[in-house]
Amino acid sequence: AYAETLNFGIISTDSSSALKQRWQPLIDDLNKQTGLDVKAFFATDYAGIIEAMRFNKVQIGFFGNASAIEAVDRSNGEVFAKVKYKSGEAGYYSLLITNVNSKWKSVDQVLKNSREINLGFGDPNSTSGTLVPSYYLLAKNGLSAKTSFKSVLPSSHEANLLAVVNDKIDVATNNTDMLDTLKAQHPDRYKEVRVLWKSPLIPSDPLVWRRDLPQATKDKLRSFFDHYAEKDPREQAIMHAISGYSGFADSSNAQLVPIRQMALFQKKEQVQSDAHMSDADKKTQLATLDQKLSELDTVAAK
Amino acid sequence: MNSVDASRLGSTSASVASKRSWASMLGWIALFAVLGLSWQSADMRPLDLLRDPGNMVRFGRDFFPPDFAEWRTYLHEMIVTLAVAIWGTALALVCAVPCGLLSAQNIAPVWIAQPVRRMMDACRAINEMVFAMLFIVAVGLGPFAGVLALWVHTTGVLAKLFAEAVEAIDARPAEGVRATGASGLDEIVYGVLPQVMPLWISFALYRFESNVRSAMVVGMVGAGGIGVVLYEAIRSFNYAQTAAVMLMVIVIVSLIDLGSAWVRERVI
Amino acid sequence: MNSVDASRLGSTSASVASKRSWASMLGWIALFAVLGLSWQSADMRPLDLLRDPGNMVRFGRDFFPPDFAEWRTYLHEMIVTLAVAIWGTALALVCAVPCGLLSAQNIAPVWIAQPVRRMMDACRAINEMVFAMLFIVAVGLGPFAGVLALWVHTTGVLAKLFAEAVEAIDARPAEGVRATGASGLDEIVYGVLPQVMPLWISFALYRFESNVRSAMVVGMVGAGGIGVVLYEAIRSFNYAQTAAVMLMVIVIVSLIDLGSAWVRERVI
Amino acid sequence: MDAIRIERLSKTFGNGRKALDSIDLKVGTGEMVALIGASGSGKSTLLRHIAGFTAPDLEPSHITLLGRPIQQNGRIVREVRRIRRDVAFVFQQFNLVGRLSVRTNVLIGALSRVSLWRRLVGRFPTVERELAMQSLVAMGIGEHANERASTLSGGQQQRAALARALVQRARIVLADEPIASLDPESSRRVMDLLRSLNEDHGLTAVVSLHQIDVAMKYCARTVALRDGRVVFDGPTDHLTPAVLRDLYGAAADELLTDAEAAERDAAWENARRAERVQARSNEASAHSAAFASAASAAGS
Amino acid sequence: MDAIRIERLSKTFGNGRKALDSIDLKVGTGEMVALIGASGSGKSTLLRHIAGFTAPDLEPSHITLLGRPIQQNGRIVREVRRIRRDVAFVFQQFNLVGRLSVRTNVLIGALSRVSLWRRLVGRFPTVERELAMQSLVAMGIGEHANERASTLSGGQQQRAALARALVQRARIVLADEPIASLDPESSRRVMDLLRSLNEDHGLTAVVSLHQIDVAMKYCARTVALRDGRVVFDGPTDHLTPAVLRDLYGAAADELLTDAEAAERDAAWENARRAERVQARSNEASAHSAAFASAASAAGS
Ligand SMILES: Nc1ncnc2c1ncn2[C@@H]1O[C@H](COP(=O)(O)OP(=O)(O)OP(=O)(O)O)[C@@H](O)[C@H]1O
Ligand SMILES: Nc1ncnc2c1ncn2[C@@H]1O[C@H](COP(=O)(O)OP(=O)(O)OP(=O)(O)O)[C@@H](O)[C@H]1O
Ligand SMILES: [Mg+2]
Ligand SMILES: [Mg+2]
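Protein chains in written order, with my numbering: chain Z, 54 to 355; chain L, 502 to 769; chain A, 502 to 769; chain F, 782 to 1081; chain H, 782 to 1081.
Hints are computed from structural coordinates only; laboratory data are not their basis. The reader is advised that the hints may include incorrect statements.
[As the list claims (entries may be wrong)] Cβ-Cβ distance ranges computed for the label pairs, FRET-style:
#	chain 1	residue 1	chain 2	residue 2	range
1	Z	Asp81	L	Pro599	45 to 51 Å
2	L	Ile613	Z	Ser201	54 to 60 Å
3	L	Gly760	H	Ala1023	55 to 61 Å
Quick reminder that beta carbons are idealized off the backbone N, C-alpha and C, glycines included.
Please construct the entire structure, taking both the sequences and the accompanying hints into account.
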């Protein structure tokens, strides 16, 4: 039979470390069950994969929520599925953490005394490290990462977690996945961490395909992912090995709406605090941002 | 009379020398000023190192004993990495030799050397990720895009190092070749290359080695390789595996270093 | 009689020469074999470059015109980066000079040179991210951890390059110094350093430049810097800004390169 | 046609030292000229200018080799590399490529006669390899052909440099103290060979020398430099004690005796010159034919 | 006590060339010895072994300087650097550090008398700087003190190397063709200075030379090498045409005349030696005191 060649780009996201040998069995199953010829590429950064998708060098991708937005907007992509967790949860959580010995015992304390606090933040495109906490933790409480703290050090999740475990930073953002990994690898270190705050649920990581894939291919893919690891214990083992997943669930671009809202909100904040922009520019930009936000609100309301 | 002579000569020379030492004094002052100014921006707190040395020890202990359970994967990925590095370096070498010669001020006229140097500066300065993406959109994900990205960057580095080795040669042998009426090319082949060969070989192998380590690009473009494995091990706090991978990299780097010494001794 | 002489000598020498050329033949064959074997692993598809050159052009066009709107931020971040790179390189320099000399085979005895070389190999080979994390646990997030991480890695690189420059010197001037009964240290200061200085300066400035570019470490320890800005720009697909930042980096790299040439001419 | 013609040549080095001071000099084709002068008087600098290795001061000046200008008003002409094919240069410090074998160093003299690909891969034609061997044998270092140039003794290096010049088969030889590091016998061989090339094949030679006696013996004409100026130019026989005292400083009581002895020798030399031309070692003549320039042979 | 004592010294280079072949040699304190031999006969190699720069074959052999062993059975002793302070070496190829100024090159000879920090920052004491200037002036290159060594002419470099050796104030001087690149007057200066150091201050000197006449004039004893073997060792007056023919090859008809002339000169020299010791340029004696080794002065 005619085997269509597809490239599948997989990145290490916020919530998973994509290990080739863990994904490969799934890819093999995919090829076997659909008759497609799917080649997997594992990358440490999403930028390359998104550009590749834009130029049709990659047809399917596994992204984080934030990067999926880019894939959808930039690369003619469409969210068609997302992973499910074993625990049954449909996502993970952003956290604010500190060392057990630190004098900060609650999130309220932190919010009140933010001027005395050094904050370890996520890298700017991180969903759980930056977007979620700036919106749900800070903005909702009238604070801003840039101006309300003694200092803000944007870095990676691992670096933040390490700094907290060794009491080298007052508080830092992180996520449940990271903490679970730490718990599994170094239970003793895990005990050093106190969770101060937990965000609302962040939808789990999505699968994106190019919108212009032939319908037949799309159908094959969808039926594979819909039913994968439903019953077969071998398949379940494969899914679990990847990152504690239990299977896939249908999804759509709608999953990205809350993330988009946060991203736009952040953008708005940036524009407002930009000292070098003229007032007129600011106004027009804010107006367009507000309009986009309200559009999203209506979408979300549906 | 002679001692008078000597002291007079000594004094005139002393004034020349003092002029020189003035200049070098200024140089040192400038250097320390820059270091001092950077001290704050770099937030230097050397004493902090002494405050929590226990942390480092505790952290370091997690790396032992290294966990070689997955060594087959590592080996396989290492081979991919080596292959990409070999081709990236080989292609770069081919370009760096002419570019390096053309940007050496004692070989090429200034109106060629300067533009070539600036081009090489750009090759080094433009982010590897940008090159990687440039090549991804042309050839798709995979090792080949990694090879191309490494190629451009390595060309920039090697051409610079090659050129500066050429600028430091002893001019006499090259002049000896020139004296026979040889062409510029002959002068390079017979007068310059034999002199710079040991250094060029060591540069090329250094860049090869550093391409083996430069996992970022290769990993970013989905070429796999040991670098991706390493990052994943670090990011999942799996330090025993990290140590295992790093040991392999150290062995490879040491082998390349030994090879470099061997080749330089032998071929030259 | 003389021509007979000549041809006889010619023939014995030919056999020696043929032995040498055999060895070099084998070397070439091995080289091509390795290249050939790597061809597949590296998935070389040169023709693909011709298939979609339009993509590259389309992608490249996004970079123009560069967007300098945020130049104040860039400048500020550039200063942080420079400060971190300056201190990382300066500390490395201090360590690389002794380590480099101790790992030069023509200066240090083999039982010192080899262990030092292996240590330097490890400094280069161990991932910068690991060093960054090691220093985070000791001194916390911030530029200082970046300085320390750059320091270790740069020491490894510079010591290797320094050593190999020393191994390529002309032995005669050093012997001239030794002849006066000078100590080993004197021999280095007066016989070796004057010879290697131009190369050492160019290596140090090359590493400085490459530390300015090495955004990974600096970014990961939360030191900010232009590299982080650059990655952000790339990752948010803001290529016009990317181009602006890269132009700044190119200018800095070019300035360092020009400075390198200037210093080498002047101080030496 | 003059082989070498120099007009108003001056050279001031970067450090302000005036090494040559408006030199005017003509050397006819087939002449053999000794260049003498104290150490630092500018002999090497003059020879280097003649071959176009150093650009003189940017003032009106002129150097022509075999009718072709090599520099004009301080600017070296573009085709200097071509012209150098006809000029063999023996450097005071030999300027061998230490890492290459002696044979390759000598073959470098033949580069301009060899096709591009052969030069690039280093496969010289048999005829050139034989010529190189011959010149090494003529210099008495044939058995060192395969060694690295850097392992040779001082005198052997100097002879290797001479061998390279011979292989070039040039029409002019500029030799900078070519026998400084040689023992008496090797010196004699070298000078005999140069003389044979000069007398039998019309080679023009300018040889800088410190040994006045050698100059007297081999060169009909002598040019003497002091502080970058030509202070004597004429038949070697006319070198007087006064000239020598002027050259080498006033303190030289013994030098005068030396010079007188040399003069004595020279007179004796001249008397025997006729027999010499025949009696001169046949070896030198046997060798010289191989190294004679094809061009000049055709011309003469 | 012998200044230099060599027993059964052999050296075979990596390429299989036997450069020295069981040399036995003793040089007494205060002797001045000429070392002669054809180019490639092993003069430089021998001198380099005496100073411990090259390790001989791993066979029973022995070199002692001033009673202290410098190598034994092919192994160079550890304290060789100390011993070298008493031995000044003038290299055939000068071995100057081209990028340093002439003055600094000369001051290198004084390193072993200067404190560590001064050596590291390059601030030499005034007395050493003056000594360096004096030795440059004695060599006639005082005005080049601030120039880079690499810009000097060949003869000037050779004299700078000699100046460095002088500043060392050693008890033994090993000079490898120290006058090869010098004009007659400079040669005389150098040799006069060496002789003055030797005669007035008990310096031991071994000087390799190609000029038989210079050997005859300055050195009472001559050692001749051929193919790495000592073929003559005795008073310079006893050098016979046969010995010279043996040294430089059989073909040398003219060399014999040269040698005879030299012998003639030598006889004449010897006759005048008595007056010489006084008449010898006062300049040399005036200089030499400064460069005499403090140790040997105390000893004698
Ligand atoms: N490093 C070396 N490797 C191999 N052979 C060498 C080395 N050094 C010297 N030789 C050989 O040893 C022999 C003796 O060399 P040496 O330099 O002692 O001669 P010399 O008597 O000083 O000659 P000259 O008068 O030309 O300086 C020569 O044949 C030379 O080629
Ligand atoms: N590159 C240079 N830079 C500065 N000065 C130089 C340079 N080359 C030569 N000189 C100076 O020019 C003068 C003439 O030098 P040159 O080498 O021509 O002398 P020479 O007659 O060949 O002496 P020798 O017999 O010692 O070789 C010397 O005083 C020398 O110091
Ligand atoms: Mg000269
Ligand atoms: Mg010698």
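Q: Please test the hint of 45 to 51 Å on the beta carbon pair from Asp81 of chain Z and Pro599 of chain L.
A: holds, 46 Å
Q) Do the Cβ positions of Gly760 of chain L and Ala1023 of chain H conform to the proposed distance bound of 55 to 61 Å? A) holds, 57 Å
Q.
Is 54 to 60 Å respected by the C-beta to C-beta distance linking Ile613 of chain L and Ser201 of chain Z?
A. holds, 56 Å
Checked against the numbered hints listed earlier, the structure breaks none of them; every hint is satisfied.
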